[in-house]
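Participant: Keeping the supplied structure of chain A fixed, place chain B upon it in accordance with the hints.
Protein chains: 2
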Amino acid sequence: MTYEDFVIGSTHPFGAHRFTAEEIRRFALAYDPQPFHLDEAAAKASPFGAICASGWHTASVMMGLLTRYFVRTSERARLEGRTVSPLGPSPGFDDLKWLRAVYPGDTIEFTGRVASKRDTESRPAWGLVSVETTGINQKGETVFVITGHVFVAKRHPAA
Amino acid sequence: MTYEDFVIGSTHPFGAHRFTAEEIRRFALAYDPQPFHLDEAAAKASPFGAICASGWHTASVMMGLLTRYFVRTSERARLEGRTVSPLGPSPGFDDLKWLRAVYPGDTIEFTGRVASKRDTESRPAWGLVSVETTGINQKGETVFVITGHVFVAKRHPAA
Numbered sequence: 002m003t004y005e006d007f008v009i010g011s012t013h014p015f016g017a018h019r020f021t022a023e024e025i026r027r028f029a030l031a032y033d034p035q036p037f038h039l040d041e042a043a044a045k046a047s048p049f050g051a052i053c054a055s056g057w058h059t060a061s062v063m064m065g066l067l068t069r070y071f072v073r074t075s076e077r078a079r080l081e082g083r084t085v086s087p088l089g090p091s092p093g094f095d096d097l098k099w100l101r102a103v104y105p106g107d108t109i110e111f112t113g114r115v116a117s118k119r120d121t122e123s124r125p126a127w128g129l130v131s132v133e134t135t136g137i138n139q140k141g142e143t144v145f146v147i148t149g150h151v152f153v154a155k156r157h158p159a160a
Numbered sequence: 002m003t004y005e006d007f008v009i010g011s012t013h014p015f016g017a018h019r020f021t022a023e024e025i026r027r028f029a030l031a032y033d034p035q036p037f038h039l040d041e042a043a044a045k046a047s048p049f050g051a052i053c054a055s056g057w058h059t060a061s062v063m064m065g066l067l068t069r070y071f072v073r074t075s076e077r078a079r080l081e082g083r084t085v086s087p088l089g090p091s092p093g094f095d096d097l098k099w100l101r102a103v104y105p106g107d108t109i110e111f112t113g114r115v116a117s118k119r120d121t122e123s124r125p126a127w128g129l130v131s132v133e134t135t136g137i138n139q140k141g142e143t144v145f146v147i148t149g150h151v152f153v154a155k156r157h158p159a160a
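Protein chains in written order, with our numbering: chain A, 2 to 160; chain B, 2 to 160.
Worth flagging that the hints you see were computed from the coordinates, not collected in a lab. Among the clues, some could well be false.
Said to hold, decoys possible - DEER-style ranges, computed between Cβ atoms:
hint, chain 1, residue 1, chain 2, residue 2, range
1, B, R77, A, L30, 15 to 25 Å
2, A, R83, B, K118, 50 to 60 Å
3, A, E5, B, L30, 50 to 60 Å
4, A, E41, B, R77, 21 to 31 Å
5, B, R77, A, A126, 29 to 39 Å
6, A, R77, B, E24, 52 to 62 Å
7, A, E5, B, S123, 41 to 51 Å
8, A, G82, B, T12, 29 to 39 Å
9, B, K118, A, R69, 16 to 26 Å
10, B, A51, A, E5, 44 to 54 Å
Claimed, not checked - What the simulated footprint calls covered on chain A by chain B, stretch by stretch (three residues with Cβ under 8 Å from a Cβ of chain B suffice, anywhere in the stretch; the number is not a length):
hint, segment
11, 34-45
12, 65-79
13, 112-121
Claimed, not checked - Over 12 Å on every C-beta distance to chain B, these chain A residues come out as not near it, computed from the model:
hint, residue
14, G10
15, S11
16, A17
17, R19
18, R26
19, H58
20, S61
21, T108
22, A126
23, I137
24, E142
We treat Cβ as the ideally placed atom computed from N, Cα and C, and that holds for glycine.
So here's chain A without its partners, still in its complex pose (with noise of 0.2 Å):
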């Protein structure tokens, strides 16, 4: 796993993460206090309906499945004797929109797509690779979608 070996067009399942109402009450504590995060009478009379998820939740959800999908990738990619390379600093997102809110008990499927990959001029050991990732829910419906920049090292830093 470098550079070379991510694919335009490739697509990679995450994984998939059930939000308890527990964990989502936690993170909503400790980062997003919002009344529809956290209190049921609040959350009814938003637009929301319902408690649900703070977004940042759900970007962080899919941070760490990205994470644990990309270690198990390159452990693979160890055993067969192939060159791994740790991701690296990510210069930012675009787009991420929240299309659905995240109920307790949803489930959310996230997958990768390589949109893009691009040598810069700041890093030449390293390139670019912009992925769209999208999280779908049980029922089939897309709640989320960011387009993420990770620096991914080079095998061939003169290629």
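Facilitator: Okay, now just chain B, sitting in the frame of chain A:
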């Protein structure tokens, strides 16, 4: 604090947060277990040079400070007898940039600037406020920038 109270160009001090080694580790274990967030030797060998916070941790802390700032501001408005609206759903954000790493002991100060406001067809009782938020560390370096969008209820939905 209703849609009408958000003034384009106004700035809002959401507050500051000091990132401890312990919370950087806790967040990374749950949501971003990359070696440079957890392991000193791996971090030293990485482009970051030392353990640093997950970018999603920085973003989540920003959200917590923003939420608490909005609660304080609303409470003051309530005491002054003004109409107060809860924040509504956020459709997402654009252009999140992690410009520099956040290390243990760093204090990041987040400030929001109302960049634009608009009516939308989908939610006539609400207005969409776009806020550009910047995170600056104790050395005055910008570490984080994001433009977020959030619906806020109108005082006069007819207007």
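Participant: Hints first: check each against the structure and report whether it holds.
Facilitator: Consistency of the hints with the structure:
In this structure the supplied range 15 to 25 Å holds for B/R77 paired with A/L30, their Cβ-Cβ distance being about 23 Å. Distance hint check for A/R83 and B/K118: the Cβ-Cβ separation is about 52 Å, which falls inside the suggested range of 50 to 60 Å. A hinted range of 50 to 60 Å for the beta carbons of A/E5 and B/L30 is inconsistent with their spacing of about 31 Å. Between A/E41 and B/R77 the C-beta distance comes to about 27 Å, which sits within the given range of 21 to 31 Å.
Distance hint check: the CB atoms of B/R77 and A/A126 are about 52 Å apart, inconsistent with the given range 29 to 39 Å. A hinted range of 52 to 62 Å for the beta carbons of A/R77 and B/E24 is inconsistent with their spacing of about 32 Å. For A/E5 and B/S123, the hinted distance range of 41 to 51 Å is satisfied, since their beta carbons lie about 44 Å from each other. At roughly 55 Å, the beta-carbon separation of A/G82 and B/T12 lies outside the given 29 to 39 Å, and the hint is violated.
Range check, B/K118 to A/R69: about 40 Å between beta-carbon atoms, so the 16 to 26 Å window is missed. For the hinted restraint 44 to 54 Å between B/A51 and A/E5, the CB-CB distance of approximately 29 Å leaves it violated. Evaluation of the coverage hint for the segment 34-45 of chain A: fulfilled, as 5 residues show C-beta separations to chain B shorter than 8 Å, against a requirement of three. Look at the segment 65-79 of chain A against chain B: 4 of its residues bring a Cβ nearer than 8 Å to a Cβ of that chain, three or more, so the hint holds.
Check on the segment 112-121 of chain A: 0 of its residues sit with their Cβ under 8 Å from a Cβ of chain B, so the three-residue criterion for coverage is violated. With a minimum CB-CB distance of about 24 Å to chain B, A/G10 clears the 12 Å threshold, and the non-interface call stands. A cut-off of 12 Å between C-beta atoms confirms that A/S11 is not in contact with chain B; the least separation is 21 Å. With a least CB separation of 16 Å from chain B, A/A17 remains clear of the 12 Å interface cut-off, as annotated.
With a cut of 12 Å on Cβ distances, A/R19 stays outside the contact zone with chain B, its closest approach being about 15 Å. Here A/R26 stays apart from chain B, with its beta-carbon at least about 14 Å from theirs, past the 12 Å limit. Its beta-carbon lying about 8 Å from the closest one in chain B, A/H58 breaks the requirement of being farther than 12 Å from that chain. Against chain B, the non-interface label of A/S61 is violated: not every CB pair exceeds 12 Å, the least being about 4 Å.
No beta-carbon of chain B comes within 12 Å of the beta-carbon of A/T108; the shortest separation is about 17 Å. At roughly 10 Å from the closest C-beta of chain B, the C-beta of A/A126 falls inside 12 Å, breaking its exclusion from the interface. Look at A/I137: its CB is around 16 Å from the nearest CB on chain B, clear of 12 Å, so calling it non-interface holds up. Every Cβ of chain B is farther than 12 Å from the Cβ of A/E142; the closest lies at roughly 15 Å, confirming the non-interface assignment.
Checked against the numbered hints above, the structure violates hints 3, 5, 6, 8, 9, 10, 13, 19, 20, 22; every other hint is satisfied.
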